[in-house]
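**Q** If you want the building blocks of each chain, they are given just below.
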Amino acid sequence: MNEEVRNGGRRPSSVLQRRVPTTLEAIDAICGELRGGCFEIPEDELFTVELLLREALTNAVLHAPETNPSCEIWCEIERIRSGIAMRIRDTGTGFDWRRHLHSTPTAAAESGRGIHILRRHSSALRFSEQGNQVEVIRIFGQGGGNGKF
Amino acid sequence: MANFEIRRDGDSATLSPGGDVVASSVPELRPAMRDLVRSGVSDMVLDLGRTEMLDSTGIGLLLSAYNSVSQAGGKFSVVEASGEILELLRAMRVHQHFPVAGRSGSQ
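Just so you know, the protein sequences line up as chains A and B, in that order.
At position 14 of the first sequence (counting the first as 1) the number is 14 in this note's numbering, and the numbers step up by one without a gap.
At position 45 of the second sequence (counting the first as 1) the number is 45 in this note's numbering, and the numbers step up by one without a gap.
Note that these hints are calculated values from the structure, not bench results.
From a predicted model like this one, the values you see are computed outputs, not experimental measurements.
There may be inaccurate statements among the hints.
Stated by the list, open to error - A short, non-exhaustive set of chain A residues, derived as facing chain B with CB atoms under 10 Å:
1. 35
2. 47
3. 50
4. 54
5. 58
6. 61
7. 63
8. 113
9. 115
10. 120
Stated by the list, open to error - If you anchor each label on the Cβ, the simulated ranges turn out as follows:
11. B:49 to A:44: 18 to 28 Å
12. A:81 to B:8: 45 to 55 Å
13. A:23 to B:2: 14 to 24 Å
14. B:9 to A:81: 46 to 56 Å
15. A:108 to B:2: 36 to 46 Å
16. A:104 to B:64: 15 to 25 Å
17. A:141 to B:77: 29 to 39 Å
18. A:111 to B:90: 18 to 28 Å
19. B:27 to A:102: 36 to 46 Å
20. A:62 to B:71: 23 to 33 Å
Glycine included, every Cβ here is placed at the ideal spot set by N, Cα and C.
Given the sequences, and given the hints that come with them, work out the whole structure.
**A** Written as structure tokens, this is what we have:
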């Protein structure tokens, strides 16, 4: 994790916190707020930031209720000096993220790209030990962890 | 009311989603594409001219459609993709399977 990103350049006034209903439509609503311009995201970064947020939220909305039907999901998006930090946590029992983190789906695979996209297009990606919280950081202009995005 | 349009011409069909192809919209799009294959469509085109966002669930839908159409001996393609979607599909190596064209007609 980039220490400068983690500890410096915080802009506390630019924080969005939401409890996320466990529906796919709730993801669209939060992404709508992102598109609405509340974080002054550069035009050429908006697609990637929304994609990262969608993948992190979709993972929680689809899988957390499987482990805890009454689970709660929380989303926090924070504008930091050089980019954006997104934290998604849920009250499910988590998942074995280590098993998926470095797997690359085949070009023909119909599923399994969510974490691959998170890894490839984030500047930093960190799961909690239990796997029920993920922090995704995107530094603007730096590109992703593995690609040109 | 369905948030997509289908233009059918014999064995060819163009499906145009009315918005993003993401986790929330795929459950509506998937059966429509499946029905097209079952009804004998052998040339399926997905027109992304009104789509600004495609996520991993949407990419899965594209590959599912491609697999279904090709197993039936047909072909599948994507047209009118935005620059960001084009780049994402290339990064995910999806373009190795079927033609993907951008909004300027670029491949």
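**Q** Double-check residue 61 of chain A for me: the hint is only fine if its C-beta lies closer than 10 Å to a C-beta in chain B.
**A** OK, holds: residue 61 of chain A within 10 Å of chain B, min 8 Å.
**Q** For the hint on residue 47 of chain A, just tell me whether its beta-carbon gets within less than 10 Å of chain B.
**A** Hint on residue 47 of chain A: holds, closest Cβ of chain B at ~4 Å, below 10 Å.
**Q** For the pair residue 9 of chain B and residue 81 of chain A, does the Cβ-Cβ distance stay inside 46 to 56 Å?
**A** Cβ of residue 9 of chain B to Cβ of residue 81 of chain A: about 54 Å, so the range 46 to 56 Å holds.
**Q** For the restraint on residue 115 of chain A, tell me whether the closest CB of chain B is nearer than 10 Å.
**A** 9 Å, holds
**Q** Go ahead and decide if the range 36 to 46 Å is satisfied by the Cβ distance of residue 108 of chain A to residue 2 of chain B.
**A** 28 Å, violated
**Q** Taking 10 Å as the limit, does the beta-carbon of residue 63 of chain A come near enough to a beta-carbon in chain B?
**A** 12 Å, violated
**Q** Cβ-Cβ distance between residue 23 of chain A and residue 2 of chain B: within 14 to 24 Å?
**A** 20 Å, holds
**Q** Honestly, do residue 49 of chain B and residue 44 of chain A meet the 18 to 28 Å range at C-beta?
**A** 21 Å, holds
**Q** Residue 81 of chain A and residue 8 of chain B, beta-carbon distance inside 45 to 55 Å?
**A** 52 Å, holds
**Q** Identify whether the interface hint at residue 58 of chain A stands, where standing means a beta carbon of chain B within less than 10 Å of its own.
**A** At about 5 Å, which falls below the 10 Å cut-off, the nearest Cβ of chain B leaves the hint on residue 58 of chain A intact, so it holds.
**Q** If I claimed the Cβ atoms of residue 27 of chain B and residue 102 of chain A lie 36 to 46 Å apart, would that claim hold in this structure?
**A** 30 Å, violated
**Q** Check the following: the C-beta atoms of residue 104 of chain A and residue 64 of chain B are separated by a distance inside 15 to 25 Å.
**A** 19 Å, holds
When each numbered hint is compared with the structure, violations occur for hints 7, 15, 19.
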